[in-house]
Amino acid sequence: MGESSDQAPRRYSRRRLLLTGAAAAAGGAATVAIGGGVALAQGRQDAAPPALVDTATADTTPADTAPADTTVGVEGDGVAAGTIGSATVPFHGQHQAGITTPAQAFAAFCAFDLRKGVGAVRLAKLLRLLSDDIERITSGRPALGDTAPELAAAPARVSVTIGFGPALFDRVGMPGARPAGFADLPAFPEIDKLEDRYGGGDLLLQICADDPITVAHTQRMLLKDTRAFAAMRWVQRGFLRARGSGSEGSTPRNLMGQVDGTVNPTLDADVDRLVWHPGPGWFTGGTMMVLRRIRMDLNAWDALDRSGMEAAIGRRLSNGAPLTGTEEHDEPDLTATDATGLLAIADFAHLRLARGIGPPLQIRRRPYNYDDSPGSDGDSDVGQVFCSFQADIANQFVPMQQRLAAGDLMNAWLTPIGSAVFAIPPGCQPGGFIGEGLLT
Amino acid sequence: MTIATARHNRRWGTAAACAGALLLAGCGSSGQSASPASSPSPSAVSTADVSTAAVPSAGSSSAGSSSVESGVTIADTWVKATAGTENTSMTAAFGVLTNSTGQDLTIVSASNDVTDRTELHEMAMVDGAMVMRPVAGGIPIPANGTTTLAPGGLHVMIMDAKTPIAPGDDVQVTLTLSDGSTVLFEATAKEFAGANESYNGGSSAAMDTKTTSMDVGSSPAQSGCDDAGTEVTSTDG
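Residue numbers (our numbering), protein chains in the order written: chain D, 1 to 440; chain U, 441 to 677.
The hints are simulated quantities; they were obtained by calculation from the structure and are not laboratory data. Computed from a predicted structure; not experimentally measured. Be careful, since some hints might not be right.
As the list claims (entries may be wrong) - The calculated label-pair distances, taken between Cβ atoms and stated as ranges, are:
| no. | chain 1 | residue 1 | chain 2 | residue 2 | range |
| --- | --- | --- | --- | --- | --- |
| 1 | D | V121 | U | D553 | 14 to 24 Å |
| 2 | D | G375 | U | D600 | 35 to 45 Å |
| 3 | D | N395 | U | D600 | 55 to 65 Å |
| 4 | U | K602 | D | A242 | 52 to 62 Å |
| 5 | U | D553 | D | A81 | 11 to 21 Å |
| 6 | U | D553 | D | N395 | 48 to 58 Å |
| 7 | U | D567 | D | P374 | 49 to 59 Å |
| 8 | U | D600 | D | P374 | 54 to 64 Å |
Each residue gets a CB set at the ideal place from its N, CA and C atoms; glycine is no exception.
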């Protein structure tokens with residue numbers, strides 16, 4: 001849309017005025033319609049309406065033809081079937097997508113606060129709008145009213161997960177509906193340096209896809225429908241390796257270089273027990289999200305030698321194997337000692353403290369990396385948007401975080417700067433909407 | 441957000457006719473027609489209906505012919521929210537109409553449940569600017585084809601609204617077709633920056649000739665419908 005030089009013909013200038021006038025004069029006497037504006041820009045001069053009467057499928061809506069399988073091919077939009085861009089993740093189901101879904105490469109976590117006067121009735125309207133948008137977008141169709149529908153043609157496994165902050169239940173006059181065990185995290189004064197700009201929120205949209213343009217466009221569409229109901233609080237973006245860059249299904253590495261997320265419940269029985277809320281009540285099949293923004297001090301980390309780095313985590317950097325094993329998924333031997341008689345996996349090692357003692361209460365970890373602009377000193381501003389899902393924050397996440405806060409050597413290089421929790425409602429079926437169990 | 445399509449024939453409504461027509465409609469919508477197969481999304485429930493097979497109205501093909509009629513359905517319906525915009529007295533409804541019958545049909549009139557005035561509009565170039573105006577002869581839906589109602593194109597104009605339409609609100613619209621049947625749908629309001637129609641009433645159906653502008657500001661539409669959470673306004677942390 002760069003402007004031409006002053007050589008631009010007068011006709012063009014007049015058009016430009018007409019076009020920009022509509023936007024700039026918000027409410028002025030502009031006599032231009034947006035649709036007409038487009039026609040003008042294309043030099044359309046005839047008086048015929050740009051009628052969209054077609055005997056074939058309407059080109060603006062590849063709608064309603066999306067197959068139920070896992071890929072869509074949108075003809076004419078350059079996204080071939082069977083590609084990363086055409087893959088889809090189903091929206092409807094017992095649980096929301098984006099939780100046990102293998103992590104997509106890119107994510108945006110968007111938090112909002114409900115506007116004054118938005119209670120249960122209006123919240124339900126918002127959630128209906130969002131659910132309709134999500135259903136369309138996740139199947140590779142544009143949301144209604146999308147002015148750039150071509151950008152919706154590559155779903156790239158996009159998922160959108162909706163969550164409710166602890167205060168939302170009060171705001172909509174339903175404090176009794178807050179799931180048991182769901183509350184803001186306690187303070188961890190040993191480690192926390194929390195900033196408001198990365199914490200809290202009434203409503204969360206977690207948008208994940210294997211294509212960053214899909215994430216951006218989905219975010220744009222959903223924000224448009226949300227802003228009348230809720231004010232933006234923060235957005236945190238994250239990324240993993242691009243799809244196809246690493247081996248499929250491998251545990252990702254964080255920006256310190258560690259294999260991060262080896263222990264994650266994958267068996268259905270474990271997921272049922274550790275991730276999904278057992279009920280009873282509207283929250284049955286839901287889960288709870290913890291989102292922590294954790295800054296990495298890479299300068300100090302760089303001062304360690306490799307064995308120091310491995311001792312701090314309790315795993316090898318090369319492949320993530322515990323220091324007592326050779327492969328990533330080898331069971332660590334927490335009692336083994338090394339040649340000097342010291343514990344091979346130290347008592348300060350992240351691995352040991354994350355596990356704790358007694359029956360394991362794992363969490364479903366789904367972290368992303370962030371990499372913001374360095375300051376003038378050139379120091380990296382990087383870290384992790386730590387994201388985990390668990391059936392019960394109080395029983396699973398909090399005890400683990402307390403152990404880590406008290407003793408994890410990694411605290412020397414990691415600083416939590418943001419913290420938020422969200423109750424993730426169960427999924428919905430066609431015709432329903434996310435949150436219907438709470439609001440209907 | 442879209443919804444049901446009900447097709448009523450006012451004259452022929454016996455129970456027997458209903459049953460038979462429903463069956464036929466079902467066949468038609470499950471892919472037999474040459475039209476774009478709208479696999480019924482939840483938003484486009486094809487309840488088309490009642491006695492289409494017995495419609496003798498506009499002549500041409502009808503009951504007993506070999507073509508399977510399932511009437512007209514509409515999907516992907518929405519309406520532009522006006523709350524917070526410059527002109528809250530008018531807005532427009534959009535959607536994709538599918539005519540599963542073998543005959544060309546036309547939307548001849550429309551009504552809605554929030555205002556007393558509804559018009560069928562087109563966009564046209566008048567004096568170098570695009571304006572909207574009543575479309576002469578109604579909005580055609582070709583046999584076994586679709587017609588898209590969209591910003592910048594054909595649309596159903598909802599006029600003389602006395603209160604703003606907030607995002608998430610529903611508006612019910614009824615379209616009356618040239619064969620006497622009707623299509624009822626519900627459209628949910630969405631915030632939309634475009635569709636700032638300039639109204640030129642002086643074309644075909646000649647309303648008044650003045651030009652009025654329907655415009656929106658760029659700020660988010662905030663409407664304050666209160667419900668359960670009214671008193672709680674502060675944000676934590």
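Here is how each hint holds up against the structure:
no.	hint	result
1	D/V121 to U/D553: 14 to 24 Å	18 Å, holds
2	D/G375 to U/D600: 35 to 45 Å	57 Å, violated
3	D/N395 to U/D600: 55 to 65 Å	58 Å, holds
4	U/K602 to D/A242: 52 to 62 Å	53 Å, holds
5	U/D553 to D/A81: 11 to 21 Å	42 Å, violated
6	U/D553 to D/N395: 48 to 58 Å	50 Å, holds
7	U/D567 to D/P374: 49 to 59 Å	55 Å, holds
8	U/D600 to D/P374: 54 to 64 Å	58 Å, holds
The earlier numbered hints that this structure contradicts are 2 and 5.
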